[in-house]
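Undergrad: Residue numbers (the numbering used here), protein chains in the order written: chain A, 1 to 455; chain B, 1 to 73.
These aren't lab readings, by the way, just hints derived from the structure by calculation.
Here the structure is a predicted model, which is why all the values come from computation and not from measurement.
Positions of the beta carbon are idealized from the N, C-alpha and C atoms, including for glycine.
Check each hint, because a few of them may be wrong.
Said to hold, decoys possible - Okay, the calculated bits of chain A under chain B, using three or more residues with CB under 8 Å as the criterion:
1. 128-134
2. 300-308
3. 355-369
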Amino acid sequence: MVGTKEKAEQLRSGKKTAEEHVLEVLDAINRHNKSLNAILFMNGEALSQARTIDHKRKAGKPLGKLAGLTIAVKSCISVQGLPITAGSRTLENYTGTFDAEVIERIQAEDGIVIGMANMDEFASGASGEHSAYGVTHNPAAPGRIAGGSSSGSAASVAAGFCDLALGTDTGGSIRNPSSHCGVVGIKPSYGRVSRYGLLDLSMSLDQIGAVSKDVYGAALLHTVINGFSEKDATTVDKPVANYVDPKQSRLRIGVAKEFEELCTDKRIWEAVMKRTQEFAAKTHSTIVPISLKHVKLAVQAYYPLVYTEFYSATRKYDGRKYGLKIEETAGEEVLRRIIGGKLISEAEYEGQYYRKALAVKQAIAKDFANAFSQCDIIVAPVTPTLPHKIGDDISPQVEYGYDAFTIPANFAGLCAASVPCTEIENIPVGLQVMAPPFEEERLFSALFQFEKLKK
Amino acid sequence: MNREEIEKQAKTIMDSFLKELATIEETHTFGLEREQSMREPKHEPSSETFKRAFFANAPKVKDNLIQMERKQW
């Protein structure tokens, strides 16, 4: 398999033209997307954009960092002229009227948007089964879910429908499908990447992040999209670093016993621990036992908060200005969140659910702050179980539990990632690495090392 | 599943979560967080950026003004 670094160099040198590359990618999509349902809409201008990049190269003009690389975009991120459905019938006729800031940055670096990726409706789901446009299939584990909500982004990367993809992560929506599809997925620190142009699910937690087959690709895309933005007041003006070639150092690796207790499939825990021990031995790092005593309440606190913010965020889908009325068109999970959010927002319940949930969120953030005084990174599984079979009857509570290991990083504003760890029953299993807020350089440094161990 | 059933299910889920959240103490004074996270403005006022984005989306711009029919944008 040609890695992203090598592919980028081939495109930069002209060994392969951007046009040839886009044609290959389009061919893969034409042949396999019908069965995988990972891409919802193609960018009809991808080929002409590739030719423009080839002309630029031939003319000796400087090329951007992503020159000729193809990028699939989750369908809740605005791209001018393409359908931005958020995986919902509510927005089936809505076309992006402007480019999200991440798209502007990608295009400024000569990246080519190849199409819009499938997703759980309004990012409400952890399986990839809740899209109004059909289930996303897992190219790395046939018959199994791809995970969600960025199901199409991870599946597209795994299937070779693009080099890189953009997803969004509110409680694990990048890391979960990346783990199930055997690719690398990054959840940046809260405030690291501009969300201007993102249809929000939960504005206090959402982040846009990169998905790639390898750590280099994820680091490259993260480099392009990260940094302060005047258009998003939640971004923070902190220095960005070198993510594609980060400094390597010995690390203190935190392992929390509370995560072990939450891991339903013990094979996953054992695989993650085995890989962590190999990492420690190889890099002369140390493993430090830590305690994160409130993480066991993460799921229970997350959903009241998300229900409430989602209810607020969806009031604009009233069918008046654009799209259709959400209550009349959306699927069951979206309705559950809207109705639940309305309920929690009612005066008689507000104190019961919302404030309790906020208190847990803060307690978890405090646990992490304490833990990071003893360690540099924290390692955990990404999901507590293997991906279920498509069509299995899974209750909402069980599916909510899929995010048990990923929600805590969102609550604490950490940067985190899923990197391929092993296979169990021929199904990919990811390993999660978490680092303190805005320590992406440290995160990528660990990810590059973990990737080497898998190879 | 109809709306009533979904509502009932949402309430059941929230109630089950609440039972588990009951153990947590509310020690946080909400609202303080906002004060703590205030930042000093370092950049020029960003009104020009917003104006550019706003104008780029406008159906018609003439002489630094947006022209449109009522209820058409």
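Undergrad: Indicate, hint by hint, whether the structure satisfies it.
TA: For each hint, the structure was consulted:
| no. | hint | in the structure |
| --- | --- | --- |
| 1 | 128-134 | violated (count 0) |
| 2 | 300-308 | holds (count 5) |
| 3 | 355-369 | holds (count 8) |
Violation of the numbered hints given earlier is confined to hint 1; every other hint is satisfied by the structure.
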